[in-house]
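Chains as they are written, first to last, in full-length UniProt numbering: chain A, 1 to 218; chain B, 1 to 218; chain C, 1 to 218; chain D, 1 to 218; chain E, 1 to 218; chain F, 1 to 218; chain G, 1 to 218; chain H, 1 to 218.
Certain hints may be false.
To be verified - To list a few chain G residues with every Cβ distance to chain F over 10 Å, as calculated:
{"id": "1", "residue": "G53"}
{"id": "2", "residue": "H165"}
{"id": "3", "residue": "N177"}
{"id": "4", "residue": "W215"}
Claimed, not checked - Derived pair list, reagent style DSS-like, types lysine-lysine, alpha-carbon separation capped at 25 Å:
{"id": "5", "chain 1": "A", "residue 1": "K81", "chain 2": "A", "residue 2": "K8"}
{"id": "6", "chain 1": "A", "residue 1": "K209", "chain 2": "G", "residue 2": "K209"}
{"id": "7", "chain 1": "D", "residue 1": "K2", "chain 2": "E", "residue 2": "K181"}
{"id": "8", "chain 1": "D", "residue 1": "K35", "chain 2": "E", "residue 2": "K209"}
{"id": "9", "chain 1": "A", "residue 1": "K2", "chain 2": "G", "residue 2": "K181"}
Stated by the list, open to error - Which residues of chain A face chain G? A partial, calculated answer using Cβ under 7 Å:
{"id": "10", "residue": "A43"}
{"id": "11", "residue": "P50"}
{"id": "12", "residue": "V179"}
Keep in mind the hints are simulated off the structure, nothing from the lab.
Even glycine gets a Cβ: it sits at the ideal position worked out from N, Cα and C.
Protein chains: 8
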Amino acid sequence: MKIEKGQKLLFIGDSITDCERARPIGEGLFGANGKGYVALVDALLQSVYPELGIRVVNMGISGNTVRDLKARWQSDVVDQKPDWLSVMIGINDVWRQFDTPFIPDGHVYIDEYEATMRELIFATKPTVKGLVLMTPFYIESNPDDAMRRAMDEYGTVVRRIAGEHGLLFVDTQKAFNQVLKELYSATLAWDRVHPTQTGHMVLARAFLKAVGFDWSRP
Amino acid sequence: MKIEKGQKLLFIGDSITDCERARPIGEGLFGANGKGYVALVDALLQSVYPELGIRVVNMGISGNTVRDLKARWQSDVVDQKPDWLSVMIGINDVWRQFDTPFIPDGHVYIDEYEATMRELIFATKPTVKGLVLMTPFYIESNPDDAMRRAMDEYGTVVRRIAGEHGLLFVDTQKAFNQVLKELYSATLAWDRVHPTQTGHMVLARAFLKAVGFDWSRP
Amino acid sequence: MKIEKGQKLLFIGDSITDCERARPIGEGLFGANGKGYVALVDALLQSVYPELGIRVVNMGISGNTVRDLKARWQSDVVDQKPDWLSVMIGINDVWRQFDTPFIPDGHVYIDEYEATMRELIFATKPTVKGLVLMTPFYIESNPDDAMRRAMDEYGTVVRRIAGEHGLLFVDTQKAFNQVLKELYSATLAWDRVHPTQTGHMVLARAFLKAVGFDWSRP
Amino acid sequence: MKIEKGQKLLFIGDSITDCERARPIGEGLFGANGKGYVALVDALLQSVYPELGIRVVNMGISGNTVRDLKARWQSDVVDQKPDWLSVMIGINDVWRQFDTPFIPDGHVYIDEYEATMRELIFATKPTVKGLVLMTPFYIESNPDDAMRRAMDEYGTVVRRIAGEHGLLFVDTQKAFNQVLKELYSATLAWDRVHPTQTGHMVLARAFLKAVGFDWSRP
Amino acid sequence: MKIEKGQKLLFIGDSITDCERARPIGEGLFGANGKGYVALVDALLQSVYPELGIRVVNMGISGNTVRDLKARWQSDVVDQKPDWLSVMIGINDVWRQFDTPFIPDGHVYIDEYEATMRELIFATKPTVKGLVLMTPFYIESNPDDAMRRAMDEYGTVVRRIAGEHGLLFVDTQKAFNQVLKELYSATLAWDRVHPTQTGHMVLARAFLKAVGFDWSRP
Amino acid sequence: MKIEKGQKLLFIGDSITDCERARPIGEGLFGANGKGYVALVDALLQSVYPELGIRVVNMGISGNTVRDLKARWQSDVVDQKPDWLSVMIGINDVWRQFDTPFIPDGHVYIDEYEATMRELIFATKPTVKGLVLMTPFYIESNPDDAMRRAMDEYGTVVRRIAGEHGLLFVDTQKAFNQVLKELYSATLAWDRVHPTQTGHMVLARAFLKAVGFDWSRP
Amino acid sequence: MKIEKGQKLLFIGDSITDCERARPIGEGLFGANGKGYVALVDALLQSVYPELGIRVVNMGISGNTVRDLKARWQSDVVDQKPDWLSVMIGINDVWRQFDTPFIPDGHVYIDEYEATMRELIFATKPTVKGLVLMTPFYIESNPDDAMRRAMDEYGTVVRRIAGEHGLLFVDTQKAFNQVLKELYSATLAWDRVHPTQTGHMVLARAFLKAVGFDWSRP
Amino acid sequence: MKIEKGQKLLFIGDSITDCERARPIGEGLFGANGKGYVALVDALLQSVYPELGIRVVNMGISGNTVRDLKARWQSDVVDQKPDWLSVMIGINDVWRQFDTPFIPDGHVYIDEYEATMRELIFATKPTVKGLVLMTPFYIESNPDDAMRRAMDEYGTVVRRIAGEHGLLFVDTQKAFNQVLKELYSATLAWDRVHPTQTGHMVLARAFLKAVGFDWSRP
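Construct the complete structure from the given sequences, taking the supplied hints into account.
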């Protein structure tokens, strides 16, 4: 298990991360970590490794793109002084190109996406003990679907940056693809984006595998 | 224009038809026809052919399958004594097979679908002056998508029944396909089923073309 | 069809335009264009001309007079950089003279109306590719009704300005008059001002005729 | 003053009478008489003639026609054993013919109106000490307006029945006409039917004049 | 009738005046004058003297004492430029001494009351065409009741100031006393302060008598 | 202390007893005993005599008269099998005669009050171990006030019945009178009926004195 | 993994099971399985074993004791025809003895508990393919706490019955005890009964271990 | 009785004190003192000593620690100029160490607690006529429970400071312990912190004993 006793683990991202977390800081009792994969990661860490006392903080905000993350990076990441940081962003960067194609103001194209991600990761890496990059995803089994294809390209950017910096990498699309072999996408998310509890468990499990979590410990 | 002065035109179907219509009867002022294609058809008929005084009635109920239609056919169709009847059903019959595949109670397979449709149409045709069959649809451009393929098969059943009885036939899937050449499905419906106003206008226009509506009359 | 590929079409006006549009900018998914004629124009443009990708923006605000439009013209029109602009204002300018006759603060008399309209149109015309002026209206069939007569005079001002500048002109009163020959005003609007869906379709159709929209294209 | 000490005065009618009165019986404290002319009559009687202790009961129901009154006459009039009865009905009988002309189910034409009124009045007159008939009204100054003309005809029926039975008669249309000489209809009612407080005071004053109320007594 | 054509009549006071009036200015349609005596005065003036077009404005605020009136006199009275002004204040000045006797911060004793009233009236009288002073009241028939006795003393102050300046004077306590001979106080106000509609009509009638209103004009 | 270990103590009455108690049975956690004197008695018994485990049940219903108690006596008293019963009723029996004097249906005059009380007490006394009669009260210091005088007469009935049967008797009016020497009635209840927490403590203390409660035990 | 392809797994119990599940049947999309351990079991089964298509149904009802389960066993267990059944009941049976000790009606003592459990299990075992008994629990680390001690005795009953019938047995108290070594009870449940997400994950993991679930499968 | 005529008694603390008191100042009618022990103290003082007119003010704020008290001491204590001050704080200082052990930001350890208490009491003592220190408490009967043990230590700090300054001291833990001998903690507070009405009465009685309150005075 890579995360150590007493460390603070902060998740940043969009609505998949947010899931009705508490404001301004998503941590503590009464569902402060929201209802998504962050809450599941928290529950799994606390129940299986109660002696570690890992402090999970959720700073996701619905609708965010990487451009929005940059705007609030200082207050919502740097100032929080996390030991571990997990970043999952990009779904809205792509989605807006497909659901409101005539409103370019909301589109974040791949060059801006890559440059901003690099900038944020480069600046933050020295300050944290662990950094996890999770790809954006699209719960669609057809790799030739136009939006799935675009999302895969953004995922490739994430993989490349993780590789260059030697960061932990979570391929969420691959995790979903495995389930999509058995289940039609509508079972996991009516809009192919916002997962059911099952979909969030797919994300939580993919994250935890990357950090060496062991479910079967006594 | 095939619908004549003073005739009553009744729409029956599922949530695409329902769209928050008034209960128990969906007709009259204050949005009683709901917010979907039925309301658009009503507005187009009233504004372009005000002298005809066509009475539009919406009897859609969200979540319905053809099995549900059969159960309420007497009270919601026959007893209403429509001159014209339009039927669009089948989306939920198919969808439940894909979004809750482990709960077969909610699935209506194609044999039951065809038999029930035949039974209802056969019984009703002699009592009305006009009968329009609209196919179910799936706002997905990939014809090899599993759920789209199933929906196309249900649509083929509708086409066949319309052909056998010489009924007016509206191929809603074809109407959507034409738009999907230009727009990604997420622009028209986040869940590929419940359309935006644009999607409802596609349906209204397809219906009105079938009944000889002329937008450009003075 | 006069509006071209990728152009932005902005509507400004009062509650007839507003109709619960999104704030601060009325554009995008989830009914952001409101529930009135603007949403119908948007749905008709997107469904019949999906390849054009016309961007429809609704900036109506309920209760506005031309005096209010002037106060927010910079932020709500100029700064939005529309290619096409449609203006329909004047109903409240007249109505307040009739429903609260003892409160002159809210009355905008015809001289101020004309001067302000001229000022706004004169300043804006050079910056847009198309400009549509729609008259205010009153859904009352009696041309001798006091408020109808006043509204007609304001409409005449709009017609005159459109003529002088060679702008597209939409006579909404005339469009309603045609329907009022067949239907009593209460069918179209309980207060003779806020139309039902049918009334909004009358407005949408009148607008679209002016810009060369062709419903019957394949 | 015709109403005597301790008598019960019951008003029956439609939404103009109802005005959010208490259910099932509209009498007592806490606004139980609603917010319309009945409450004003009650307040004027109690404040000017406190020694009479007249018991005012409101049995109006919104949307009612004379057909609805007949259906509930036994429980809502006869069983209440009023000493005085005031009836004002007919607006919806006429209105439905004009706002939903294609739905004849809701129309109550003049023959049914007259016959039902006669039947109810004939049966009730012997059981009460006083009976007041108030005409329906339409707050429209143009006597040639189609709906105003129809309403006047229904009013004529009321006048005729009152005359034949020697009942107290209140010409509410005439009372409104006098005010409409000075004020445009929109000042009194946005939909020309549901009055403002001023409009309700016109009704209360017309009623009270008929029963001999004297405002200026010490 | 002392108030003339086109004049603005402003009422200032406490919760008896306020009664849910519109903010920030209590005038116009949709019950903007509240539900109390001000709305009744407005309805009576408009219905009986429609040709005068008197503009009624309600600036009451619940809980106010004369100390509060002074604090907002400039914005809520002077800046509104009324032709006529009616003032009814003092109930809370007295009531707080009786319902929260241990919290002297909220008590306004009679010296401060008189001095403040004098100051406000003296400054305002030259700027208006008519000024009406209404006493505070307590709906309690026993003149020896401690709070009634105190209220009577404040009323005496109002009478004295009115006499000295030759202002119109309305003795609301006397008006209520007349009704209290017939009705127990609980019929008019559960808390002996906030009147029912009947109690508000007592106030409206007392006010209107003072300004020469004639109910019986044709 | 007269109430013994494990006994059930049931209170029946009107809104003074009810005070938002739980339905259908007012006992248990989460404020089930309401917010009035019953809850205070319960809290005092549990905190001072925790070893007795007295079970307090609140069966008050707002608006009740003795006539209403009779109608529900079987289900709400007898079927509950209390060891101790406390009855406080009569306020509404009197109040309705004063706040709605023209609606005799709601008045319960003193003969009916006495006869019904006798009937209920006579039938119930043999079935319980203790019976407490509390007078109705009116928080008005003037014994010549009309409603206070009437309430005192009803209280005298209660005293007489208690005396005849040798029941515990609580003179709530006397308890309030003692406080009213120091405080004006508005401090204890705005409507002279529904007490503040202080007024409910007056009731709780008067009750507890009657049953031998000792606050100062260690 | 003991549960096989296509089998239906039904959970019955109290509020720990219920957790806002859908009514009348807790299964399907949109959080129909509630927010507790049942939803977590469902999400873990679907995400790790998507090919099995296990149908999870939640029939918990808040506040239930074993007496309540018996009353609805036919409709909520037998009629649902589960392949696997999991039962966790007893917390309220014990809790009511401690939080409302004076209201014995709600207490289910250990003899009734054991007899009823035996009766239900005996009748149901032959009809299902798998049966899991989960103990009730109390999130209190002190085994000498009075309520913890009682809960342990009820848990012993469950263990005994499971042993006698050879059923799968889940010792939830033991699972919580392991976490309570590291965390104070308030971290897991403010009232020591209703767990946080972490506490529900403790339950889900304990259940899944019993049925052979393997988190680490590829 | 130590508190004298006309003195102001202010309570400051956390949610136990707050209990939905009015903002910004908790005093006056309509439950302004909240629903907890402060309201009970107020009701007992007013009902038993009405002639003293003691002014009770509640300045508790939910969630507060002694650190929060310090931050608002000037505005919420000093500026209110109380004659008597009662302080009960410390529950949250301890609780956060146990319910969110991984979030040290919210923990107030015993050294900071003691230093801050000393600072506040030292500064305030000269300005008031009476000062009461109430210990924090934990409604748990086991003195070896980890959180109970910690709370006892904070209570010892309070006792020590009271002793050094010769202040009135209320041992709330001891008061609860006496009741806990008879009742299980869940009867008094589901979370062992927020008391039922019974628990608040325990607090009120403990406070009143300290100030010499005599329940049995006539």
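Self-check item: Hints breached by this structure
Solution: When the structure is compared with the hints, none of them turns out to be violated.
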